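There are 2 protein chains.
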Amino acid sequence: MKVGILGYGNLGRGVEKAVCAAEDMELVGVFSRRDPSTVKTVTGAPVFHVDDLASKKGDIDVLVICGGSATDLPEMTPKYAADFNVIDSFDTHARIPEHFANVDAAAKKGGKIGIISCGWDPGMFSLNRVYAHSVLPGGKDYTFWGKGVSQGHSDAIRRIEGVVDARQYTVPVPAALEAVRAGKNPELTTREKHTRECYVVVEEGADKARIEQEIKTMPNYFADYDTTVHFISQEELDCDHKGLPHGGSVIYTGTTGENTHVIEYSLKLDSNPDFTGSVLVAYARAAYRLNQEGVSGAKTVLDIAPSYISPISGDELRAHYL
Amino acid sequence: MKVGILGYGNLGRGVEKAVCAAEDMELVGVFSRRDPSTVKTVTGAPVFHVDDLASKKGDIDVLVICGGSATDLPEMTPKYAADFNVIDSFDTHARIPEHFANVDAAAKKGGKIGIISCGWDPGMFSLNRVYAHSVLPGGKDYTFWGKGVSQGHSDAIRRIEGVVDARQYTVPVPAALEAVRAGKNPELTTREKHTRECYVVVEEGADKARIEQEIKTMPNYFADYDTTVHFISQEELDCDHKGLPHGGSVIYTGTTGENTHVIEYSLKLDSNPDFTGSVLVAYARAAYRLNQEGVSGAKTVLDIAPSYISPISGDELRAHYL
Chain A
1 MKVGILGYGN LGRGVEKAVC AAEDMELVGV FSRRDPSTVK TVTGAPVFHV DDLASKKGDI
61 DVLVICGGSA TDLPEMTPKY AADFNVIDSF DTHARIPEHF ANVDAAAKKG GKIGIISCGW
121 DPGMFSLNRV YAHSVLPGGK DYTFWGKGVS QGHSDAIRRI EGVVDARQYT VPVPAALEAV
181 RAGKNPELTT REKHTRECYV VVEEGADKAR IEQEIKTMPN YFADYDTTVH FISQEELDCD
241 HKGLPHGGSV IYTGTTGENT HVIEYSLKLD SNPDFTGSVL VAYARAAYRL NQEGVSGAKT
301 VLDIAPSYIS PISGDELRAH YL
Chain B
1 MKVGILGYGN LGRGVEKAVC AAEDMELVGV FSRRDPSTVK TVTGAPVFHV DDLASKKGDI
61 DVLVICGGSA TDLPEMTPKY AADFNVIDSF DTHARIPEHF ANVDAAAKKG GKIGIISCGW
121 DPGMFSLNRV YAHSVLPGGK DYTFWGKGVS QGHSDAIRRI EGVVDARQYT VPVPAALEAV
181 RAGKNPELTT REKHTRECYV VVEEGADKAR IEQEIKTMPN YFADYDTTVH FISQEELDCD
241 HKGLPHGGSV IYTGTTGENT HVIEYSLKLD SNPDFTGSVL VAYARAAYRL NQEGVSGAKT
301 VLDIAPSYIS PISGDELRAH YL
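Residue numbers (our numbering), protein chains in the order written: chain A, 1 to 322; chain B, 1 to 322.
The shape of chain A in the complex, shown without the other chains (with noise of 0.2 angstroms):
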C-alpha cells in the first residue's frame, strides 16, 4: 500500500513514523506548500512540493493529509477526495455533518474513499461513546481530557502581548473522574469537569499581572475554567515543557433494569500527534481496502468494521486476538 502525506508538521512527522512502523506500507513521501529543499523528514523521507501531487495520482494508494481543522481541511479534503483516496484529522465536531457532505459528494464524483474526522477525539474516543450507548441505551457519557497539552490554547495565550511562550495543560478534576467512575451521573459545569494550568515566558519588564488577567478572562479558552498561571524562563519552558503528552477518557454509565455498568476507555498518551498520526495510518489502511472492494464516498471511524484496520488476517484474528 502506497501512502502520501500532505502537509508536515507535527502530526505529518507523526504519520510518517506510523507509516515506516507498518510492513503493509510503503511512504511515496512527504507533499509540502513549502519549498521541498526546506523540509527535512524523520525517516528521511522524499519530499515534494504539493503542486507535484497532480502527477503521482497512479502512485499513491491513500493521501494522509495533516492540515489544520479550521482553514486547510474543509478546502484540502474535498479537494483531493476527487483523485485520491484521502484521510484527515478534521476535528471541528460543530462542522463535521457539513465536511461530511462535502467530502462525501468529491470522493463519490472520483470513485474514491474519504474518511474523515479520524485520531482520538473525534476518533477512537467517538467509537466508544457510540459502542457504549449501543450496547447499554439510555445512559450518558462523559469524556474528561487530560492531563495533556492543548495547543490550541498554548497558542492563545502566546497571542497576549508580551508573551514569549506558553504551554497549556488541560487537566480533568479528580474530584469529578470519582463521581463519573462511581457511576453516580453527576450534572457538571465546565468548570467542575477541568482546570487549566498555564506555563508562560514573559518579555523582559513584562506586566505579569496583565498578562495573567488576560489569560484568566479570556472568552471561550479559559473564562470558564479556574486556571493557573505560572511565569517561567524559557530555558525551564524547553527542559520541562518540550512534550505534547495527552489523552483523557471516555466513561459511560448505563443500567440494566436494577443494575448499574461503568464503561471506561482511557488514553495516556507521550505524544498526541504521534498518536494521531497512527490512527489515520491504520484507518489509511481501511480506505484503500474498501476502495478495492469498489466502494466509495465519505466514511468515518463508526463506518468501519475493526477488521479493516488491522494488517492481520480474518483468520489469524478470530484465532488469536478474538
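Wrong hints could be hidden among the right ones.
Pairs involving identical chains hold if they fit within one copy or between any two copies, as the list cannot separate such chains.
Think about it this way: if two alpha-carbon atoms lie no more than 27 angstroms apart in a straight line, the pair counts; the simulated DSSO-like pairs of lysine-lysine are [said to hold, decoys possible]: (1) Lys-242 x Lys-184; (2) Lys-242 x Lys-216; (3) Lys-147 x Lys-40; (4) Lys-108 x Lys-242; (5) Lys-184 x Lys-147; (6) Lys-79 x Lys-109; (7) Lys-216 x Lys-147; (8) Lys-108 x Lys-140; (9) Lys-147 x Lys-79; (10) Lys-56 x Lys-2; (11) Lys-208 x Lys-109; (12) Lys-147 x Lys-56; (13) Lys-79 x Lys-108; (14) Lys-108 x Lys-147; (15) Lys-147 x Lys-109.
Keep in mind that the hints were calculated from the coordinates and are not lab data. Note that this is a predicted model, so its numbers are computed, not measured.
Dock chain B against the given chain A, drawing on the hints supplied.
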C-alpha cells in the same frame, strides 16, 4: 425488528431485558427445552417449546441463542443458522475457528447471518485488543478479569463432595495491574495476574480441611493460582454473594519511536449476564441489518462497523457522537 430468545437461564433473562429496552425491537418470545408452562419470564414475554421454532421462521428476524459453550452452542448455532439470522456468545476461545467455519457454512447455505462469540470477552474486549494492535502495531496487550464471579469456577467447587454451595471471585493482583498501567510491560505468570477467592457452604460435619485442599489443588481451575477459601453459612452466601458482578480491563502498551502510549478499556458490571445480553442484542440489530443488505455467513464483532449496532442514524451519530 422481531427477536426470539432460545434458552432461558441468566443470559436469556439478560437478553429479554435488553430487547425490551430497545425501542426498535419486539420480543416474539422465549423458546425453551423445558415445558413452557413451567417457565416464568421476567417481562411476561410468551414462552414456547423449542420445537415450535420451526413454525416461526417468518416471524423472527433474529434468534439470540443463549446456551452453554461446551455442548449447546457448537450444535445449536449451526443448526439454527440455516433458517434464522442467529447470534451467540460462544466463549471457548480455542474452538472459535472451528465454530466459525460450521456456522459460516450453515448460514451461507440458508442466506442468513450468524454472529458468533459476542459478549464482553470474547466481544468488547476483543474489539479493544484489535483496535489497539492495529493503531500501535508491535505492542503488548494484557487482559485482567474481575473482580467478579466466575460461574465455571463456582460450579467446579460445587462438584466437590461435601460442598452445598459456592461462589468464586476472580481478583486481579493490584501490583500487576499497576505495573501494566505504568507501561512497564512486565512478564507475568498466571499466579501473578489473578488470585481466586472462594466462599463455600459445606454439609454439616464435612471435612473442611479436605475440601479446602481439594479446591486449592484442583488442576486448571485453582492449582496455578493463590486461592483463599472462606467457609460461610448458606444465609451469608445468599445475602452477601447473590449477585453476578464481573468486569475487567484490557490494557495495551505500544510505542512510536521513543514515546510510549497506554490504552485501557475497562468494565465494571453489576451483572455479567445482563451486560452480555445487552451486547448480544446490540449485535442482533447488526445481524438483521446486514442480512437486509444481502450479506450472509458467519461474522464476529471484528467484522461489523459500529454504526450497524446503533439504533441512531448515521447523520445523527456524526452530529452528536463523533
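Cross-check of the supplied hints:
{"no.": "1", "hint": "Lys-242 x Lys-184", "verdict": "between (37 angstroms within a copy, 23 angstroms between copies)"}
{"no.": "2", "hint": "Lys-242 x Lys-216", "verdict": "within (23 angstroms within a copy, 52 angstroms between copies)"}
{"no.": "3", "hint": "Lys-147 x Lys-40", "verdict": "neither (31 angstroms within a copy, 51 angstroms between copies)"}
{"no.": "4", "hint": "Lys-108 x Lys-242", "verdict": "neither (42 angstroms within a copy, 56 angstroms between copies)"}
{"no.": "5", "hint": "Lys-184 x Lys-147", "verdict": "both (22 angstroms within a copy, 20 angstroms between copies)"}
{"no.": "6", "hint": "Lys-79 x Lys-109", "verdict": "within (11 angstroms within a copy, 45 angstroms between copies)"}
{"no.": "7", "hint": "Lys-216 x Lys-147", "verdict": "within (19 angstroms within a copy, 44 angstroms between copies)"}
{"no.": "8", "hint": "Lys-108 x Lys-140", "verdict": "neither (36 angstroms within a copy, 38 angstroms between copies)"}
{"no.": "9", "hint": "Lys-147 x Lys-79", "verdict": "neither (36 angstroms within a copy, 52 angstroms between copies)"}
{"no.": "10", "hint": "Lys-56 x Lys-2", "verdict": "within (11 angstroms within a copy, 51 angstroms between copies)"}
{"no.": "11", "hint": "Lys-208 x Lys-109", "verdict": "neither (55 angstroms within a copy, 76 angstroms between copies)"}
{"no.": "12", "hint": "Lys-147 x Lys-56", "verdict": "neither (41 angstroms within a copy, 55 angstroms between copies)"}
{"no.": "13", "hint": "Lys-79 x Lys-108", "verdict": "within (12 angstroms within a copy, 41 angstroms between copies)"}
{"no.": "14", "hint": "Lys-108 x Lys-147", "verdict": "neither (40 angstroms within a copy, 49 angstroms between copies)"}
{"no.": "15", "hint": "Lys-147 x Lys-109", "verdict": "neither (42 angstroms within a copy, 53 angstroms between copies)"}
In terms of the numbered hints stated before, the structure departs from hints 3, 4, 8, 9, 11, 12, 14 and 15, listed from lowest to highest.
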